[in-house]
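Student: Chain by chain, the residues run as shown.
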Amino acid sequence: MPLRLLKYGLSRDYPVSGDVPATPELKPAYDVVIIGGGGHGLSCAHHLAKYHGIKSVAVLEKFYLAGGNTARNTTTIRSNYITPEGIAFYKEGVALFERLSQELDFNVMFSQRGQLTLAHSEATMRSFHMRAEMGKHMGTRTEVVDQKGVEELCPLLNMDYGGPLEILGGLWHADGGTARHDAVAWGYAAQASRRGVEIHQRTEVQGFEVVGDRVQAVKTNRGRVACGQVLIATGGMNYDVALMAGVELPIRCYPLQAMVTQPLKPWLHTLVSSVSLHTYLVQSSRGEVVIGGGSDPYQLYSTRSTLDMKEHLAEGAVHLFPFLQGVRLLRQWAGITDMTPDYSPIMGASPLANLWLDCGWGTWGFKATPVAGKRMAQTIAEGRVPDILKPFALERFETFRLLNEMGATAASH
Amino acid sequence: MKLLTCPMNGPRNIDEFQSFGPVRARPDPNATADREWSRHLFRAENRKGIVVEWWRHVPSNYFFLAERDLVSNEIIRTFDASELRDHA
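As they're listed, the protein sequences go chains A and B. FYI, my numbering numbers position 208 of the first sequence as 208, with every residue one higher than the one before it. FYI, my numbering numbers position 21 of the second sequence as 21, with every residue one higher than the one before it.
Hints are computed from structural coordinates only; laboratory data are not their basis. Honestly, I wouldn't trust all of these hints.
[As the list claims (entries may be wrong)] 25 Å max Cα-Cα, derived SDA-like pairs, lysine to any residue:
1) B/Lys48 <-> A/Leu394
2) A/Lys390 <-> B/Phe42
3) B/Lys48 <-> A/Thr303
4) B/Lys2 <-> A/Ser302
5) B/Lys48 <-> A/Ser305
6) B/Lys2 <-> A/Leu329
7) B/Lys48 <-> A/Leu329
8) A/Lys310 <-> B/His40
9) A/Lys390 <-> B/Lys48
10) B/Lys2 <-> A/Tyr64
11) A/Lys310 <-> B/Phe42
12) B/Lys2 <-> A/Leu394
13) B/Lys2 <-> A/His278
14) B/Lys48 <-> A/Pro341
15) A/Lys390 <-> B/His57
16) B/Lys2 <-> A/Leu277
17) A/Lys390 <-> B/Arg35
18) B/Lys48 <-> A/Gly246
19) B/Lys48 <-> A/Tyr64
20) B/Lys2 <-> A/His312
21) A/Lys310 <-> B/Arg35
Take the sequences, apply the hints, and build the full model.
Tutor: Written as structure tokens, this is what we have:
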């Protein structure tokens with residue numbers, strides 16, 4: 001090893017190899033065109049190339065890799081949802097995260113430290129009992145804990161502010177965790193490009209050539225690309241991109257704001273969230289406390305931040321951990337979330353035969369990066385939607401078979 | 001602080017208001033199939049551009065309409081709901 005290092009150091013031409021190759025020339029056609037170079041699109045590309053042998057794949061990214069909601073989310077990984085369909089899907093997502101570093105040969109810094117959701121009312125406690133029973137039934141580690149249990153799990157919590165926000169108990173989800181968002185995207189990108197997937201950054205989709213019920217080609221700022229199959233996985237731009245193909249999705253866009261504090265010594269050993277305060281906290285491996293997630297109270301296509309929302313997040317964080325009051329904020333940002341009416345994603349077929357949807361990821365998309373990519377790749381490769389994705393079909397709105405997960409989120413919408 | 005000009009109360013902090021989303025045409029309950037109902041219920045206007053929305057000034061419980069740009073967040077104008085009725 002030292003000899004190799006020495007040789008490398010003295011070499012005149014360094015064998016420079018980046019994880020992701022530079023954007024190549026756009027070919028006239030690909031078997032699969034994936035629109036959106038975020039975690040979901042890259043995960044799908046990886047699964048197509050590795051497990052389905054489909055290597056004529058182009059990932060088209062308008063800006064730079066994983067710079068949208070993959071970079072802007074607060075990296076919560078969990079499966080403590082309410083509906084059996086939702087739990088089954090997210091449970092597979094958590095399982096994929098557990099071995100993702102090995103799968104990608106890339107350290108995604110997955111830390112399964114558990115998530116504690118707090119209840120400040122009896123009504124919330126009742127909903128926690130329902131989620132816990134459903135979670136146990138579906139084989140996940142989810143249980144209701146009382147005040148003493150909360151204190152044991154998170155001793156630094158301020159249990160009682162003498163008002164309506166006293167902590168009555170919590171929902172303890174031992175499967176919950178967090179991972180490094182950039183590493184997830186880059187790991188998938190590296191694996192996919194190693195197998196021949198082309199990643200085209202700064203390639204913006206500007207329209208579709210639709211003939212009959214098929215997309216013949218995708219029009220980009222770098223030219224026309226004919227395609228066998230197309231996947232839309234563009235996060236906050238899903239509504240906009242689908243509309244170019246004539247598909248109107250039941251989506252409304254809202255900014256979601258978050259922020260991080262300066263780095264602190266490790267003190268917060270679980271993910272903590274409060275449904276009533278619309279605040280959740282996680283300490284990153286760098287020591288920064290990530291605080292989310294305030295959804296703006298009205299529709300907007302903007303990633304601007306507002307003082308109102310940051311104050312709201314700070315207030316929630318200081319309620320839970322009063323000693324954070326003197327801590328400085330380091331960064332703050334916003335992402336555009338594509339919210340569905342039932343707080344569940346839209347995955348599977350579209351009205352066009354070869355256009356597939358991985359949309360409606362709202363405020364809950366990061367945790368599904370591996371599983372959505374895996375299952376969408378399977379869908380595209382086999383040309384049919386697997387059972388686990390069927391409940392998330394776009395048609396569910398027309399048949400009124402909604403998957404209501406509104407109660408299973410702590411973001412403020 | 002962002003200001004929204006209420007047709008009744010004048011310019012106020014937008015925190016005093018609640019958004020009720022884009023105006024939607026009300027379907028005829030006797031002549032609407034399930035498909036159109038689902039459309040009415042679940043598909044609100046979300047195009048990049050200007051929308052007409054319902055807003056409420058919470059302290060005075062006054063509902064009115066606003067034209068707003070969904071990209072720049074500029075509030076172009078606000079007006080009383082009677083104006084919409086007059087144009088309908």
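Student: Which numbered hints does this structure break?
Tutor: 7, 8, 9, 10, 11, 12, 15 and 21
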